[in-house]
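There are 6 protein chains.
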Amino acid sequence: MFKKEEDFIENLNKIRRINTSFVIANKTIKTARNGKNYIEFSLTDKTGEITARMFPNRDAEEIYDDIEQKSIYNIMGNVDEFPRNSRNFSIKIDSFQKLAEDEYDLDDYTRTSLKDQNQLIREISTTIKEMKDPYLKDLLKAFFCDKEFAKQFYQSPSAKIHHHNYLGGLLEHTVGVLLICKTSCEIFPQLDQDLLYTGAILHDIGKLKSYDYDLVSIDISNEGKLLDHLFISCDMVNEKIRDNKLEIPEDRKIQLLHIMLSHHGDVQNGWGSPVSPQTPEAVALHHADNLDAKVKGIMQKR
Amino acid sequence: MFKKEEDFIENLNKIRRINTSFVIANKTIKTARNGKNYIEFSLTDKTGEITARMFPNRDAEEIYDDIEQKSIYNIMGNVDEFPRNSRNFSIKIDSFQKLAEDEYDLDDYTRTSLKDQNQLIREISTTIKEMKDPYLKDLLKAFFCDKEFAKQFYQSPSAKIHHHNYLGGLLEHTVGVLLICKTSCEIFPQLDQDLLYTGAILHDIGKLKSYDYDLVSIDISNEGKLLDHLFISCDMVNEKIRDNKLEIPEDRKIQLLHIMLSHHGDVQNGWGSPVSPQTPEAVALHHADNLDAKVKGIMQKR
Amino acid sequence: MFKKEEDFIENLNKIRRINTSFVIANKTIKTARNGKNYIEFSLTDKTGEITARMFPNRDAEEIYDDIEQKSIYNIMGNVDEFPRNSRNFSIKIDSFQKLAEDEYDLDDYTRTSLKDQNQLIREISTTIKEMKDPYLKDLLKAFFCDKEFAKQFYQSPSAKIHHHNYLGGLLEHTVGVLLICKTSCEIFPQLDQDLLYTGAILHDIGKLKSYDYDLVSIDISNEGKLLDHLFISCDMVNEKIRDNKLEIPEDRKIQLLHIMLSHHGDVQNGWGSPVSPQTPEAVALHHADNLDAKVKGIMQKR
Amino acid sequence: MFKKEEDFIENLNKIRRINTSFVIANKTIKTARNGKNYIEFSLTDKTGEITARMFPNRDAEEIYDDIEQKSIYNIMGNVDEFPRNSRNFSIKIDSFQKLAEDEYDLDDYTRTSLKDQNQLIREISTTIKEMKDPYLKDLLKAFFCDKEFAKQFYQSPSAKIHHHNYLGGLLEHTVGVLLICKTSCEIFPQLDQDLLYTGAILHDIGKLKSYDYDLVSIDISNEGKLLDHLFISCDMVNEKIRDNKLEIPEDRKIQLLHIMLSHHGDVQNGWGSPVSPQTPEAVALHHADNLDAKVKGIMQKR
Amino acid sequence: MFKKEEDFIENLNKIRRINTSFVIANKTIKTARNGKNYIEFSLTDKTGEITARMFPNRDAEEIYDDIEQKSIYNIMGNVDEFPRNSRNFSIKIDSFQKLAEDEYDLDDYTRTSLKDQNQLIREISTTIKEMKDPYLKDLLKAFFCDKEFAKQFYQSPSAKIHHHNYLGGLLEHTVGVLLICKTSCEIFPQLDQDLLYTGAILHDIGKLKSYDYDLVSIDISNEGKLLDHLFISCDMVNEKIRDNKLEIPEDRKIQLLHIMLSHHGDVQNGWGSPVSPQTPEAVALHHADNLDAKVKGIMQKR
Amino acid sequence: MFKKEEDFIENLNKIRRINTSFVIANKTIKTARNGKNYIEFSLTDKTGEITARMFPNRDAEEIYDDIEQKSIYNIMGNVDEFPRNSRNFSIKIDSFQKLAEDEYDLDDYTRTSLKDQNQLIREISTTIKEMKDPYLKDLLKAFFCDKEFAKQFYQSPSAKIHHHNYLGGLLEHTVGVLLICKTSCEIFPQLDQDLLYTGAILHDIGKLKSYDYDLVSIDISNEGKLLDHLFISCDMVNEKIRDNKLEIPEDRKIQLLHIMLSHHGDVQNGWGSPVSPQTPEAVALHHADNLDAKVKGIMQKR
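Residue numbers (my numbering), protein chains in the order written: chain A, 26 to 327; chain B, 26 to 327; chain C, 26 to 327; chain D, 26 to 327; chain E, 26 to 327; chain F, 26 to 327.
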């Protein structure tokens with residue numbers, strides 16, 4: 026059963042009655058100042074996120090306990106706008122009911138990149154195919170021929186709350202960075218193209234282990250919190266080389282790890298790089314990453 | 026009379042006798058610690074810069090006074106390397122002689138962009154031609170149909186000592202930034218293309234007034250030192266609009282001035298923007314400028 | 026009909042019943058945690074600002090929609106203090122009624138400088154009269170003989186929420202800075218008096234375009250948000266010179282623009298100057314501005 | 026024997042022979058790169074400082090050892106300018122001879138404030154006389170009736186290399202700050218005048234113990250280096266109160282110490298205040314101090 | 026009457042009825058959004074702090090006014106957990122009753138160091154006893170033989186909200202720093218042991234005057250707010266020396282004051298030192314203090 | 026042939042003739058300002074470093090070319106002091122002669138830790154032996170039973186120019202940090218001892234690959250420059266676990282890597298940590314490392 030176009034969150038822009046379904050992404054119990062409890066929800070579908078509140082007559086705790094977070098529910102209630110003309114909408118829930126798996130189409134609830142995934146994947150595979158450096162090409166093939174890796178790479182979000190925080194966000198961001206790197210090589214033909222493109226493709230792969238996500242939610246993993254993706258990405262490269270016994274010249278490997286490790290810019294900026302970019306390719310990758318992330322960031326805020 | 030290939034500064038890489046010509050870009054008199062004076066020179070040709078020293082027998086002051094800075098001289102002496110194997114070369118001058126205008130080809134001495142100037146100009150003119158916003162298009166045409174402006178724009182350096190510090194550097198940098206902006210519009214089709222491209226083309230025009238340069242030298246002008254190019258660029262836009270009585274909607278003008286004025290990034294970074302980038306186009310221009318400048322910067326250091 | 030002394034906001038300092046009038050500067054609808062809506066107001070008169078809340082029996086949205094923001098209303102209700110002895114007062118509104126124009130005296134509601142405006146204006150006009158530099162004198166006269174400019178200059182606030190955020194605040198701040206500059210010239214007679222005083226008088230004129238204000242409210246204008254007053258002030262000087270065809274030596278103009286443009290201090294501090302103060306007059310103006318603003322700032326917080 | 030007007034350092038601005046006297050403020054032995062030693066001097070008189078060099082024929086070490094630093098010598102040699110037209114003058118010494126005490130007038134060699142000392146002292150004594158707060162007035166009198174303190178206060182420099190680094194510099198700076206504070210009280214009549222003026226007069230008294238100086242030189246004392254003047258100034262106030270058993274209300278004392286201790290501004294700026302200014306008087310004193318110091322600083326650099 | 030083990034705040038970890046006693050550390054009146062008032066409390070006992078709320082039927086203001094802050098009350102009500110499974114507990118109060126002094130044991134309510142106080146005191150006294158420098162030993166004895174000082178020193182908290190914010194916190198922190206300094210002297214035997222240990226013991230004594238505390242609450246004193254403990258600690262050393270006419274070599278005193286005054290690290294960090302650590306002992310004390318404070322800080326957050 | 030006690034660099038403290046041997050650590054050719062060349066040397070022995078200069082009569086380049094850097098030479102010449110009484114000594118070389126391997130005792134020239142190496146090693150091995158966590162114990166044993174690793178670990182310097190920049194410096198620093206961590210565990214018994222000690226022992230092992238050193242010189246390796254020791258240390262742990270197939274719980278490994286990766290402190294400080302310390306052990310290790318490094322640093326400067 027598909028959701029109706031008008032019931033998607035991005036279209037909830039007038040005061041009216043609704044009867045449709047959402048993911049309950051989050052639930053919190055709150056005490057009203059009259060001493061009664063009510064429940065606050067964060068509801069999501071593929072188009073966004075909206076706040077909802079329920080003021081139950083019977084015991085709020087009991088209702089609260091029954092709700093399965095990250096499941097799909099049918100919701101009845103009202104779309105409200107506070108303050109008037111603020112374009113700030115929320116939902117007051119009257120009642121809800123959990124849906125069985127055959128009662129909804131999961132695609133309606135999954136927040137995902139709006140770009141054409143196949144085209145993004147093609148950009149990466151073409152880049153790998155045209156690479157001349159045999160060692161870097163082998164390394165990339167070792168990653169992308171690993172079907173489990175490739176699948177995760179195409180699905181992973183790039184953040185929990187910052188830029189590209191949705192399924193496919195990592196792929197979308199990676200291709201954005203790659204395209205800017207390609208233009209950089211047009212402008213500066215002296216750049217080591219294969220090295221820069223390899224760095225662009227692999228620079229954020231540690232995010233695969235930095236988030237615990239499923240189709241309807243994203244959380245930072247323990248590993249992501251304690252080690253962060255800069256280290257994890259480089260470690261994944263080293264592990265891949267060791268596990269697949271790839272023959273890559275030591276110096277080449279260090280150059281690749283360097284541009285990945287320094288892609289957050291100068292150490293003294295305090296943005297998390299443990300070494301400052303020291304080669305033209307490292308400088309280029311840092312600024313390409315920054316451009317794609319910051320422009321996306323300001324656009325998502327709007 | 027052309028300089029020989031082997032006599033260009035970038036090729037002075039072994040100890041040997043020379044007899045060729047350079048611009049004397051700078052002269053300084055220094056007292057040796059034995060109480061005698063000698064003269065230190067900075068010599069340039071189109072391929073770079075080299076230090077030279079002369080230890081005259083007769084009075085150094087007199088010789089010093091006779092030298093016309095920023096003129097072209099024939100130099101006889103030795104290329105030395107100190108310390109040995111350091112790849113650090115300088116010249117010990119035995120004698121020199123000022124050349125008449127017909128004794129050299131000025132092109133040998135002018136440090137200039139190595140890019141194909143026509144292609145760069147074409148990139149800009151095509152961009153203007155394809156623009157749809159009539160106001161921005163008119164503004165750009167008002168600038169580039171002004172032959173004096175266009176000539177200066179194509180010749181101006183982009184800096185005295187930082188990135189793109191040579192004739193044509195401004196044009197080269199501007200096109201670099203423009204290309205990155207074009208890729209950004211590919212990645213983010215929501216960006217206001219015409220606004221962003223206009224900002225990219227005009228963002229550094231204040232540099233035309235920030236430098237006093239001729240074919241063989243670059244200095245910062247008084248105006249450049251006291252007002253800097255961010256303000257001057259915006260003032261030139263305002264002046265052009267007033268002088269040519271261009272009809273551009275107030276709001277459109279403010280948006281253009283905003284992305285130009287904020288192109289050094291967030292105010293609190295202390296890089297000179299008097300306002301922080303607040304629109305997606307402003308963020309994109311700042312990062313495109315930064316990418317092109319920083320990659321060029323590290324390449325020129327090598 | 027004048028407001029009674031005891032009913033001005035600065036005198037609402039005990040729990041009691043009131044029946045008097047205020048500007049409704051702001052209204053917001055909020056959902057109480059029992060699911061009901063109430064309205065929160067920001068009320069102002071010439072002595073300050075106070076928060077008020079109304080818990081209507083009938084539909085809050087309807088009442089909310091009827092209220093005309095920035096108009097003057099008669100309010101009936103209670104002054105409350107929460108927590109007790111906190112000196113933190115607010116109003117619980119029972120009912121209100123819009124007043125007709127002949128039912129109030131606008132002066133009771135306008136937040137304005139408490140200084141003697143005529144004396145402040147005299148300080149500026151005397152300073153201009155005594156100036157010896159004919160070019161700077163002409164420039165100042167061109168501004169202040171423009172009646173529209175002068176009227177705005179005398180009325181404009183200097184900020185929305187920071188120091189001097191009330192009508193006449195710009196004039197008051199400008200004279201404060203000017204007086205400190207005069208003492209600075211006593212201490213340091215080498216300072217270029219006319220240049221420094223001209224800079225002091227004009228340094229913040231861009232604020233005229235940075236705020237949209239009327240007698241009862243102040244907002245930041247789009248131009249103020251995207252270009253900020255440093256740039257706008259300098260642009261207004263350039264525009265005045267061009268429009269009035271004033272003959273001011275180029276070098277003199279640059280020096281004036283320099284001290285205006287750098288009056289937020291060193292670029293690397295990140296306070297918004299696009300150039301650092303490089304002349305004694307620029308250093309003096311920056312610190313005079315800072316002194317007047319910061320002392321006012323801490324006094325207004327009390 | 027007075028120095029001739031043309032022989033004062035500020036007038037040594039052409040290449041010529043000289044035969045006059047200076048303080049030898051500093052001497053250093055240096056090895057010329059031909060292996061020979063020469064001696065470099067810093068010479069001073071009341072108008073400034075100049076570098077000199079001597080290239081002796083006989084053993085430089087022996088000559089060096091004989092020179093008494095901080096004594097007055099007659100010098101014969103040449104004023105040179107390197108590079109030509111640089112306005113950068115130094116002296117090449119041929120011979121020198123120590124002068125007996127009756128052969129010179131010490132006033133010619135003492136770098137000292139150019140302001141009228143009596144007028145500066147009068148500014149301070151009038152301020153004290155007009156003070157109404159009996160406790161602060163007593164405290165100031167306890168300091169300035171102490172003849173030893175007063176004498177030192179009138180003579181002390183305010184710095185070794187920064188602003189006001191000459192005899193009487195502390196008095197000159199103190200009065201500068203005081204005048205700005207007086208203007209601040211005109212602008213902001215709510216300021217606690219007596220508190221602010223007392224802070225202004227005493228804020229830098231710790232400098233009396235922070236420098237070891239005599240008529241011809243200034244050095245930082247061990248106490249100045251390890252404790253700095255902020256702490257020492259406050260400690261001197263506490264010591265004076267205890268020694269003279271002054272009856273000052275605890276709260277008043279803390280307020281005075283606060284504005285002295287915080288006069289370098291906000292703690293987080295890292296300029297040395299151990300507490301941030303938290304009262305209007307503390308904010309005013311900080312900015313008055315900063316204004317006087319920074320304007321003087323840029324003027325002394327010229 | 027002792028509190029039962031299960032009724033201590035650290036054990037209130039399930040939803041249940043309670044009837045036990047707490048300190049009412051803080052009370053605030055708040056308006057519920059239905060227009061009614063309720064009271065919010067901060068309750069403490071020796072094991073921690075918990076929030077409570079009361080929604081009275083009769084007039085909240087009256088009840089509020091009757092409550093004596095910082096007194097001990099018997100509380101009846103419910104422990105609640107919001108949201109469920111959040112481990113975030115609070116109390117909903119039904120009724121309360123002030124206890125007479127003989128109805129409770131004050132020890133149950135006093136938040137205090139969990140370390141063995143005698144052992145901590147012994148560490149300090151042994152350190153003093155073994156000291157060889159007679160001047161520093163005398164100084165320490167002058168402090169610790171002063172019974173009033175010693176009593177306060179053993180009881181004082183070390184902060185209001187940061188690390189060691191409970192009775193005895195200063196002693197516990199001081200001994201922590203002292204132990205790290207002892208290990209530092211093992212590693213670096215060149216350190217001046219007696220100087221470093223004296224600095225460690227005295228570095229925070231100014232906190233005795235920086236807090237107003239009693240057995241159940243801690244506030245920052247006016248002196249603490251306006252002068253802060255760095256200055257006060259050093260002033261107490263100077264006062265003790267003057268009052269007791271201790272004979273300590275000037276240089277030794279300055280070295281001690283230096284390591285105390287600089288123990289917040291480099292001036293430019295903006296952490297409040299008015300001088301940067303310039304001796305090995307000053308560097309060691311700063312880092313020992315930092316280690317003890319930061320490790321405690323992160324542990325208290327858990 | 027041993028060097029005489031008086032001929033060690035730390036004892037070269039008066040002007041005299043010498044005839045003894047040093048490592049020529051560095052040679053540079055310089056042009057004297059009279060146009061002649063001379064050679065500048067950096068000489069070392071186990072007690073330190075001294076500058077020397079030679080002014081040859083015959084061609085300096087030829088002599089320069091013959092000198093084998095990092096070899097041991099007998100030097101004849103003079104110890105000089107410039108300026109007199111500055112305690113700043115250098116050597117003027119008359120002649121020198123390369124020594125054969127049997128003409129010197131290498132121990133005289135090797136800059137090495139002055140601590141008892143066996144005792145330091147014992148501290149580490151005892152710590153490992155007493156560890157209870159079987160996984161961390163196995164990991165440490167895997168490292169230290171690897172004889173090649175252990176040998177390098179005991180010999181490696183800890184820096185090129187900062188603290189502990191000599192052979193054995195890594196071991197000395199590691200034990201210093203370990204001892205401070207042990208004291209920290211005494212103060213805070215809740216710390217996870219085994220985790221903290223393992224982190225302390227392994228935190229800088231990446232320095233083994235960050236320096237190219239032999240008995241007489243230290244350089245930063247390419248790997249050290251491009252990846253830095255924080256990353257390399259963690260990578261060595263991961264590699265050891267994979268190569269030795271150690272069974273360590275994933276969570277335990279992440280905690281260990283976290284405290285190693287964050288030991289340069291908060292990311293935003295810009296000191297190179299890619300993640301901020303987030304556990305008590307991470308905070309403790311960071312501050313222990315900082316204490317040992319900074320105290321050593323200021324001591325080595327003296």
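For the record, the hints were derived by calculation from the structure and aren't laboratory data.
Hints are not guaranteed to be accurate.
[What the hints assert, rightly or not] Capping the alpha-carbon separation at 30 angstroms, the derived lysine-lysine pairs in BS3-like fashion look like this:
(1) Lys250(D) <-> Lys55(F)
(2) Lys55(D) <-> Lys55(B)
(3) Lys207(F) <-> Lys185(E)
(4) Lys207(F) <-> Lys270(A)
(5) Lys250(B) <-> Lys326(C)
(6) Lys270(E) <-> Lys176(D)
(7) Lys52(D) <-> Lys326(C)
(8) Lys326(B) <-> Lys250(F)
(9) Lys39(C) <-> Lys55(A)
(10) Lys55(F) <-> Lys61(B)
(11) Lys28(D) <-> Lys140(D)
(12) Lys123(A) <-> Lys52(E)
(13) Lys250(C) <-> Lys117(A)
(14) Lys319(C) <-> Lys250(B)
(15) Lys39(C) <-> Lys95(C)
(16) Lys157(A) <-> Lys185(B)
(17) Lys55(C) <-> Lys326(A)
(18) Lys162(F) <-> Lys117(F)
(19) Lys207(E) <-> Lys162(F)
(20) Lys278(E) <-> Lys270(D)
(21) Lys166(B) <-> Lys39(C)
(22) Lys207(B) <-> Lys319(A)
(23) Lys61(B) <-> Lys52(F)
(24) Lys185(C) <-> Lys326(A)
(25) Lys326(C) <-> Lys52(E)
Here's how the hints hold up against the structure:
| no. | hint | result |
| --- | --- | --- |
| 1 | Lys250(D) <-> Lys55(F) | violated, 38 angstroms |
| 2 | Lys55(D) <-> Lys55(B) | holds, 16 angstroms |
| 3 | Lys207(F) <-> Lys185(E) | holds, 29 angstroms |
| 4 | Lys207(F) <-> Lys270(A) | violated, 41 angstroms |
| 5 | Lys250(B) <-> Lys326(C) | violated, 38 angstroms |
| 6 | Lys270(E) <-> Lys176(D) | holds, 28 angstroms |
| 7 | Lys52(D) <-> Lys326(C) | violated, 56 angstroms |
| 8 | Lys326(B) <-> Lys250(F) | holds, 18 angstroms |
| 9 | Lys39(C) <-> Lys55(A) | violated, 33 angstroms |
| 10 | Lys55(F) <-> Lys61(B) | holds, 18 angstroms |
| 11 | Lys28(D) <-> Lys140(D) | holds, 21 angstroms |
| 12 | Lys123(A) <-> Lys52(E) | violated, 43 angstroms |
| 13 | Lys250(C) <-> Lys117(A) | violated, 36 angstroms |
| 14 | Lys319(C) <-> Lys250(B) | holds, 29 angstroms |
| 15 | Lys39(C) <-> Lys95(C) | holds, 26 angstroms |
| 16 | Lys157(A) <-> Lys185(B) | violated, 38 angstroms |
| 17 | Lys55(C) <-> Lys326(A) | holds, 23 angstroms |
| 18 | Lys162(F) <-> Lys117(F) | violated, 55 angstroms |
| 19 | Lys207(E) <-> Lys162(F) | holds, 28 angstroms |
| 20 | Lys278(E) <-> Lys270(D) | holds, 24 angstroms |
| 21 | Lys166(B) <-> Lys39(C) | violated, 68 angstroms |
| 22 | Lys207(B) <-> Lys319(A) | holds, 16 angstroms |
| 23 | Lys61(B) <-> Lys52(F) | holds, 27 angstroms |
| 24 | Lys185(C) <-> Lys326(A) | holds, 24 angstroms |
| 25 | Lys326(C) <-> Lys52(E) | holds, 25 angstroms |
Hint violations for this structure: numbers 1, 4, 5, 7, 9, 12, 13, 16, 18 and 21, all remaining hints satisfied.
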